[in-house]
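2 protein chains.
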Amino acid sequence: MVISREWHLLARPRGWPKPEDFALVERDVPDPGDGEILVRNHYMSVDPYMRGRMNAQRTYAAPYEIGKAMYGEAVGEVVASRSDRIAQGAFVRTMAGWREAAVCRADTAEVIDPELAPLPAHLGVLGMPGWTAYVGLYDIGQPEPGETVFVSAASGAVGSIVGQLAKTHGCRVVGSVGSAAKVRYITEELGFDAGCDYHDVDLTEWLGEAAPDGVDIYFENVGGDHLQAALNAMNSFGRIVACGMISGYNEPRPGPSNLHSIVAKRLRVQGFIVRDHADRKPAFLEHVGGMLRAGKIRHTETVVDGIDNAVQALLQLLEGGHHTGKMVVSL
Amino acid sequence: MVISREWHLLARPRGWPKPEDFALVERDVPDPGDGEILVRNHYMSVDPYMRGRMNAQRTYAAPYEIGKAMYGEAVGEVVASRSDRIAQGAFVRTMAGWREAAVCRADTAEVIDPELAPLPAHLGVLGMPGWTAYVGLYDIGQPEPGETVFVSAASGAVGSIVGQLAKTHGCRVVGSVGSAAKVRYITEELGFDAGCDYHDVDLTEWLGEAAPDGVDIYFENVGGDHLQAALNAMNSFGRIVACGMISGYNEPRPGPSNLHSIVAKRLRVQGFIVRDHADRKPAFLEHVGGMLRAGKIRHTETVVDGIDNAVQALLQLLEGGHHTGKMVVSL
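Residue numbers (our numbering), protein chains in the order written: chain A, 1393 to 1723; chain B, 1393 to 1723.
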């Protein structure tokens, strides 16, 4: 029998989650049954969507249950298997995050290749964030070479991949981030054409300079002032890829006062959740995996050490300013 | 030579337009040249989009010029023609509104059939508002029978047609209007399944009752609180047909605080301007003209008398509460 620590949600937060809303609990993990595997997680993901799972109302996925383990993506090693599909010793990605070890049905686990990239990258560029970037940019945004793409949270797990994919597609790419160091990261390391620290600029003015031909695609991760500025800068028939609006997840804030631009500019604002696009996962893995093998895409992971710090890591992610690229927790 | 009075824009309004921003000016109308017609307007249209034309910045159409006649749809009789295409005595619809008479190129005028419907209806159900309703509902909203459609400004020129078209398509249709009389109009005359006076209800609560299965299509004419409530009520994969957001045309107001629902519910918010859909005009005229001939669609026009009152009519339209159906000015 294996003992695992796991994070439970104790209370549904109103506004910003507090550490007391969570508890780290020790549990016995049973032996795997028929068709099941026992996974020892090495890394777990923290993602903005997890704030939504803490609310009672169901959106596109079941809310976290009070007094039960939370869930999310994790990668780990199969330490016992009663499945023909996945052998002991394999590395897999599952939704059994927020715990050190778990028994999963083998058909819900994906075998990953630790040779292709280090394990944390399988939660970032090769995981849900990279897949989100791929589907959001290509399928939702439908970019044409020569168009201008504006990415908010551009140094984050999704934004950093969106920008690089858009560059290889022949687009002008500009991004907003939260520090001068991140501006350097996206322009010097990732190849963005321009970047700004949103604390230091009027975003509408900055976009006027950084995107002199206007913005054709806004990849929306933030909401609020970013959306207002993007609406000002959008060209007619532009597309807003509504991937996330992190600025409003904890405290409802008024939206932009210029939403009527959606009419006058005939914009399409399209929300999406990547798991609706499972048919595109093979194409994503081939495309981005190929770029990775060829050394044509960069990725960064911010690793927080230890399951004890997982809640703190999520709170820092929601707050912003504490990480670059994909934030993961090593277990 | 014909003398015509015409409305000029004197100053670009900030916020609500004032009567002093306009002047009624007398002008000589020249004789028509080759390929031109001289039209004596009988009715002119006032429409919400005209507020946008008063601003300096170009959106999808040229702004009104200071010190020149404004423009808009009008219907009238051809009193002189130097075109083989349109004979004297024909009735036409042109963009030469805001004046009593005008010379137009014949190829910019549409001949209309005054037998099919009274002249004002050619500015409403058979004119730009009807065409907007048709394209917005069918092409942008893409309704399926059995879905629920929520229409704001539901007794207006566009909303009243949207609701009736959606009913014939097999949808549940609910609408918000600005008075108890209009609630009776849309439910008893137009066949809406439910209606509310938005002054009297919490729109989110009301939609919970009026649309118990949620809203699949929100036909957006208003913005602000209406959009907030619609976002609360929308079903996953719903569509918001962004036709207008009249509540923000004169005074910028903060947008909804729940725009992140666009992501979680995977909504599509699509702005459109009907003139981009000229290819759909024949289908619209056949469909709605056919319904009209068969007595299967109702329409109301609010007629304001006299060109002197045209600016006042537009201001009342923007304010809301002064009209039902299509507002026109008789000249």
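None of these hints come from the bench; they were simulated from the model.
Some hints could be false.
Cut-off 30 Å, straight-line C-alpha distance, at most; resulting in silico cross-link-like pairs (DSSO-like, lysine-lysine) [said to hold, decoys possible]:
| no. | chain 1 | residue 1 | chain 2 | residue 2 |
| --- | --- | --- | --- | --- |
| 1 | A | 1410 | B | 1688 |
| 2 | A | 1460 | B | 1657 |
| 3 | B | 1410 | B | 1559 |
| 4 | B | 1688 | A | 1673 |
| 5 | A | 1410 | B | 1673 |
| 6 | A | 1673 | A | 1559 |
| 7 | B | 1410 | A | 1657 |
| 8 | A | 1559 | A | 1657 |
| 9 | B | 1460 | B | 1559 |
| 10 | A | 1688 | B | 1410 |
| 11 | A | 1657 | B | 1688 |
| 12 | B | 1410 | B | 1460 |
_Check whether the Cα positions of residue 1410 of chain B and residue 1559 of chain B lie no farther apart than 30 Å._
violated, 39 Å
*asked:* Check the hint pairing residue 1559 of chain A with residue 1657 of chain A against an upper bound of 30 Å on the C-alpha distance.
replied: holds, 25 Å
_Checking one constraint from the list: CA of residue 1410 of chain A to CA of residue 1673 of chain B, max 30 Å. Satisfied?_
violated, 57 Å
*asked:* Holds or violated: residue 1460 of chain B and residue 1559 of chain B, Cα atoms, limit 30 Å.
replied: violated, 43 Å
*Quickly compare the C-alpha distance for residue 1460 of chain A and residue 1657 of chain B to 30 Å and report which way the hint goes.*
Holds, at roughly 25 Å.
*Given the proposed pairing of residue 1673 of chain A with residue 1559 of chain A, does the C-alpha separation stay at or below 30 Å?*
Holds, because 21 Å separates the two Cα atoms, which is no more than 30 Å.
*Mind checking the alpha carbons of residue 1688 of chain B and residue 1673 of chain A for me, to see if they're no more than 30 Å apart?*
Distance ~49 Å between residue 1688 of chain B and residue 1673 of chain A Cα, so the pair is violated.
*Given the hinted pair residue 1657 of chain A and residue 1688 of chain B, is their alpha-carbon gap at most 30 Å?*
violated, 34 Å
_Would the hint linking residue 1410 of chain B and residue 1460 of chain B be met if the CA-CA limit is 30 Å?_
Status holds; Cα separation ~17 Å.
*Could you grab the alpha-carbon distance between residue 1688 of chain A and residue 1410 of chain B and see if it respects the 30 Å cut-off?*
Judged against 30 Å, a Cα distance of about 59 Å means the pair is violated.
*Within a Cα-Cα threshold of 30 Å, do residue 1410 of chain A and residue 1688 of chain B meet the stated pairing?*
violated, 59 Å
*Compare the distance between the alpha carbons of residue 1410 of chain B and residue 1657 of chain A with 30 Å, and conclude whether the hinted pair is satisfied.*
holds, 27 Å
In terms of the numbered hints stated before, the structure departs from hints 1, 3, 4, 5, 9, 10, 11, listed from lowest to highest.
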